[in-house]
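S.K.: What follows is each chain in one-letter form.
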Amino acid sequence: MSTESSHSSDIDRSLLDRLRASPFLEELLSNRIAVLGLMIIGAMVAVAVYARVAYDITNIIGTMFGTNPTQAPPSAEFWFGTDGQARDIFPRVLYGAWFALKYGTATVLASTVFGIAAGIIAAYYGDLTDNIIMRTMDVLLSFPSLLLALALVTIFPEELGLWRAVIALTLVYTPRFARVVRGAALKVLEDEYIEATYALGASDPRLLIRHVLPNCLAPITVQSTLNYGLAIIDIAALSFLGFGASPGDPSWGMMLSEGVERGLFAGAWWWSLFPGLFLALTVLGFNLLGDGMRDALDPRMRDTVD
Amino acid sequence: MVSKRFITKRLLLLGPVLFGVATLVFSILHLSPGDPAVAIAGQRASEEFVEQVRSNLGLNDPLWEQYLRFLRDTLMLDFGQSYQVQRGTAVSAILRDRLPITIELAILGQIAGLVFGLPLGIISAVKQDTVADHLARVGALAGISVPIYWSGPLLIVLFAQVLGVLPTSGRISSIYFVDQTTGFILVDTLLNGNIEAFWSAARHLLLPVVVLGIYSMAFISRMMRSSMLEVIRQDYMRTARAKGQGAKITVMKHGLRNAFIPVITIVGIQFGTLLGGSVLTETVFEINGIGTLLVSAIETSDYPVVQSTVLVFAFMYTLVNLAVDVTYSIFDPRIDQ
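Chains A and B supply the protein sequences, listed in that same order. Under this note's numbering, the very last position in the first sequence is 306; numbers go up by exactly one each time. Under this note's numbering, the very last position in the second sequence is 1337; numbers go up by exactly one each time.
Just so you know, the hints here were simulated from the structure itself, not pulled from any lab data. Don't take every hint at face value.
[Said to hold, decoys possible] With a cut-off of at most 25 Å between alpha-carbon atoms, the simulated SDA-like pairs for lysine to any residue come out as follows:
(1) A:Lys187 / B:Tyr1328
(2) B:Lys1127 / A:Val35
(3) A:Lys187 / B:Lys1127
[Said to hold, decoys possible] Derived coverage of chain A by chain B (criterion: at least 3 residues anywhere in the stretch with Cβ under 8 Å from a Cβ of chain B; other residues may be distant):
(4) 142 to 154
(5) 169 to 182
(6) 202 to 216
All C-beta atoms, glycine included, are put in the ideal place defined by N, C-alpha and C.
Chain B with its partners taken away, still in its complex shape (with noise of 0.2 Å):
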């Protein structure tokens, strides 16, 4: 059993990393160079017009007063008008139509990564230091050495220009409209029972699916592997084999589940860089989701969209290793403290 007091303590710890969070990108922010009211006044505006534009956004204002008036309205969820991106709108607006977009890639990254590196770790440690396992461990470093932005492309020529079977970019052929419901486009698509719609929306994922999860797939498959190893020679591994029971059904039944724990964290952590990951995949497969905007609004200044963005981004980050933690000590119990 999980005890109230090791999930209470998490939850306190997340309001200081927050707070730090916000302060960090705040402080980055106005470290940084750019200017907002230029960007939006444009680069040929007088200098008076500029001024009147940087003062409506207060950003005369001491810099101290500004950071609060930030801490307030990001505690009160209020997170402002996007000054360039899509100018005027609010942007709890914009993150409502991304966010689901980038989630819905990393779970369906995180999911293919599992389904590819599970058994492929457990094959390398049945078979540890043979050539399945070399080729198994090979082969698994070599999809985090592949960067995104280079297989990416290059899977996208390949199976869109030159085999022609798969779409190039986007999330769906324009043809259909798609009634909004969850934002996950696999889900509304089937909401609206149009399954034509569905598949093309799913063979528009298929390629940032697949370059995600090869990713993840790598991280999985060697955590697996050494989780098993360990596992493999545990006392009740030998006891079960003496007992008389076969080798499969003991790694099976005994095995996989000891191995699975420590994994649990590995698929955690590896949530976050496949959010961090989306940057690049949205950018290399023209995808709308919150990594494309993050990286749209660094470019323009647009300093609502840049905070609200690093602060969900981090946000979702440490709840999913709480979740993690969580998870963790139900599983094994010692942990919980």
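Only chain A is shown next, with the shape it has when bound in the complex (with noise of 0.2 Å):
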């Protein structure tokens, strides 16, 4: 925190430059949990365009009958076995990705940006405008996460898919963010350089956006990559409940849904094996990245002392 003040008062820096001067990224680069975590991520990414890019989506959802066989064990020819509906397993997990990373983002950026708004906005103002929202977020707070997220869900109508389960994980993942926002900006908003560029004259938007909303970035970004594992659980949580994906789609919760109860007990292990080894292994990436970057940015994890 102390280095990151430091580099702040130099309010023209683009945040670019601040970022490549922090000790930080050169901390989270020496940190192998974290680096190991990014390889896991980048893999996913690449997964996830080339299926986008490489197929169609139309016919990964087809059933396939007829062309192919149906609950296949993997083989030569089909790498990953065949589902229920005869559909070829590979492709589709493959695809998986490009769904889980595409609401996964949608649900942390969404988060993220309420929960940065709710809290700068109850730090800087504090007193009733504070406690209005500080309280609204303790009473989403006293819910265990995928439980209010089940109740919530139910309000959208069923079309929105799994865009219904990012709209309730959203709201479930708000308060975090507000909390870890509202707690940075409060010792943000003690510097001198704020009251100096208060008495500068900068509007409240400017000052909040320019000023504040910097020098928090940094627990911000671990909340964010932490949530990102989380969320993609989570969604995949919720088709596995019935909540969120449609039969069919190529999401891992769904698939892993559809395995599990028709056919892992009549022997299928492949139809459910595969799209949960790929969703436990994307959530461990993001896992293994937020840890590491904790401790990168906690300076009482450094080898100083002894």
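Starting from the two chains in their separate frames, assemble the complex, guided by the hints.
M.R.: This is the structure in structure tokens:
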């Protein structure tokens, strides 16, 4: 934190310059756990983009009776086997990466933006505004997250498909970001340069966006990364419980739900094994990166004392 | 010492939060498109019949009237009767049957998490940046990355179908009759003096508890590691070593005790997550706790059951967090203001 604020006095520097100058990136890249996470995520992004470009979604969703064998085990032709609708599982699992990253990104992005807005406004205006915002967040935080999502998801029409899950989870995650941002913003607001900027006549939005926000970015980034994995796993969980993806969608949650319910206990283990493996690996990637980031940001974790 | 003021203040805050929760749940239910009257009357019922059901349930009254009635009933601890899941049964009776099942699962899961997570975190911290540390951390993170609804079914297939050593689902073999006293099946079978039934229940619980335990193990070991790392660098640790005390004893005697404080918080927060995770675990292992109750109540628009189940979840969650804060302030008096 201290290194961050010493740079921040130089307000004309672009964000990128500041990031390059900060010891954070260097620290992060020397953290093996974070690098492993980055590698996994990079590979998944490549898989997702490849699947999006190489496959036509309608071919992936449609049944393939007659063309392919039904519930065939993995073979040279069907690497991950086929499912109950005779669909080739391999391209579906790859396409699942696109689904997971797309909806996961939407969820994390939306809850980060809302959380930043709520947290910064609460911290800056204080008093009643702070109380109203944060007490609302307290109510949202007093549920186990998946439960609240489960209740919220029913409000939205089924036609929204996976977007239903995205909206519900955004509402569930926003309070966490709001708390983190508020805490960080309160610290930043005590700094003298904020007062100086204010004295120079900066407007509220300018002050908050140009000066407060950039100095809260570190904890927000960690929270976003850790939440990414959670978002992907929760979106799939909602699909698994029947609230989210539609039957046939190449989303890992849906494939798991169908594969477990209809295939697993009848011996077709491949139907659920591969989507689950990819899901777990992706989530692991984000958790590794988030954990590494947290260490890189935490001066107490650095080996300077011994 | 914990001041009475601290606890009173926290308890007083509980009221508004629960009021907010109740309002939120009520709004969610009345915003959602499901119609309980149609669900009760059946899809093919005549319009008049559906209308009659609707007015019998009081669903035609103005929304604010329904809201006030719901608040009043909840305050009087009258949760109404189930529309669908167990039609006509008092919700309080359903909850009394099912709540202990979920709590038992969450407690056992938390114990399993502590048993595996604490040693893992300590090893990780003491051997920071060695292979053992990296393995422990990646292992723990893998634990939270694996979805319960994937690992659970795979474990069932492996242990029940392939190896045939554990039962597939449920809480106890159907040949045993358990006299319910506490609702906790491990306790009840022991109270009955039926050791065989106890073992049957334990074998049924093993997989769900392991699955939940792995999940909370990851958080506990992570917290224990970072907390321990911080403690190890404290001056009093150096002093203890300088006095000539062995490394192991220093870690165990001085380190552990201080490092454990933040872990309490995570145990509390995790307990809530475990309660939430019970929705998935109970679905996978076909256990009739309040997790599966909530899912089927949502699917059938069973308003009274959804309302009270969610309230109970939120109540337990906030209560556990309160307990955590109180415990915390006992360990660390600086927090108590």
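S.K.: Compare the structure with each hint and give your call.
M.R.: Each hint, compared with the structure:
no.	hint	verdict
1	A:Lys187 / B:Tyr1328	24 Å, holds
2	B:Lys1127 / A:Val35	20 Å, holds
3	A:Lys187 / B:Lys1127	34 Å, violated
4	142 to 154	holds (count 10)
5	169 to 182	violated (count 0)
6	202 to 216	violated (count 0)
In the structure shown, a violation is registered for the earlier hints numbered 3, 5 and 6, in ascending order.
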